[in-house]
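Chemist: Below, each chain spelled out in residue letters.
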Amino acid sequence: MNISIEFYASLMKYLPPGQSRFRRDIKIEDGLLLNRLIESYHISPAEAHIVLVNGNYVNAEQRESRELAEGDVVSIWPPVAGG
Amino acid sequence: MNPEQKERFARHIRLPQIGEKGQQAILDASALIVGVGGLGSPAAMYLAAAGIGKLVLSDYDIVETSNLQRQIIHREAAVGEHKVESGRQTVRALNPRCEVDVISYQLEGDELKRVVSSVDIVLDCCDNYPTRFDVNRACVATVTGAAIRLEGQIMNYQPAANSACYQCLYTHAYGAEESCELEGVLGPVVGVIGTMQALQALLILAGQGEAMVNRLLLFDAYAMEWQAVTLSKNPGCPACAKT
Ligand SMILES: [Zn+2]
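Residue numbers (this note's numbering), protein chains in the order written: chain F, 1 to 83; chain W, 1001 to 1243.
Okay, chain F solo, but in the shape it has when bound:
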């Protein structure tokens, strides 16, 4: 099935090759769990600080059981504390 991933800021380096600076359309197996998707790009839990599916925040606990669906857009942001 088809979904889109968006890796922002310092996480862009984990994107597979492609055109956009932050977004890729990818194919995944049906029902893949959100955390398995994140792990498959070697993004650590600390780096995947803010995870959204279709713009809605999914907390760390929910990521373990959240099944992805056709057309989902998964956005991931790192923590930022500097200034």
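Hints were generated in silico from the structure; no laboratory data involved.
The reader is advised that the hints may include incorrect statements.
Claimed, not checked - Which stretches of chain W does chain F cover? Using the computed rule of at least three CB atoms under 8 Å from a CB of chain F, they are:
no., segment
1, 1117 to 1127
2, 1139 to 1150
3, 1216 to 1225
Think of the CB as a built atom: it goes at the ideal place given N, C-alpha and C, for glycine as much as any other residue.
Fit chain W with the ligand to the supplied structure of chain F, relying on the hints for placement.
Modeler: Just chain W with the ligand, lined up with the frame of chain F:
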């Protein structure tokens, strides 16, 4: 409000969302700016220009040449001065009616709690987790900004609205803080985030903070994308969860 103030703040007063009532609330308000660097520069300047009654500037750093590319409250002539003294001069030049207190050493522990509790709103413009956690735990309306490289985040804590707090999202320190010194930062990125902090603070002070309760804004300048996220209170929050 006297005629001089009515003229000076006419463009605010003209806005139905602010009006004389909102402007008066801003004139009567005090704010603590924690960190007079890249974020604190525009935050302090916009609050002073907007007529805030009193600013407390807190920072223990000295102005360095490498700050000038982004910390626009500091002028080249201020290199070597305390940031809070340099900040006070710029603020007073913008608006002599704004009272300015400065704290030129590390604000921590009971004193931090006391100073935070003495103001109406806090703008957390610092660069490290321990200070952010301490400010958050003092439980006063706070607008928190963070930025580095080409990315930034803004969130706010409105205890009166029982909103999610900073530690609902940042439950613990996520590794060592990355510093702008090591990582770099494009000047206007801190300008955008610090300005947004001032904007949110003014709306909260004017009684218009409702739309930003539980709202986290994420900014990626390289992608040129913003994302707005709705948070909820974290039942496991180390700061605000009821035990
Ligand atoms: Zn909390």
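Chemist: Would you check chain F against the segment 1139 to 1150 of chain W, counting CB to CB pairs closer than 8 Å, and say if three or more residues qualify?
Modeler: Our answer is that it holds, as 6 residues pass the Cβ test (under 8 Å) against chain F, meeting three.
Chemist: Please verify the coverage claim for the segment 1216 to 1225 of chain W: does it have three or more residues whose C-beta sits within 8 Å of some C-beta in chain F?
Modeler: holds (count 6)
Chemist: Please count how many residues of the segment 1117 to 1127 of chain W have a CB within 8 Å of a CB from chain F and say whether that reaches 3.
Modeler: Contact hint for the segment 1117 to 1127 of chain W vs chain F: holds, 3 residues under 8 Å.
The structure fails none of the hints (numbered hints given earlier).
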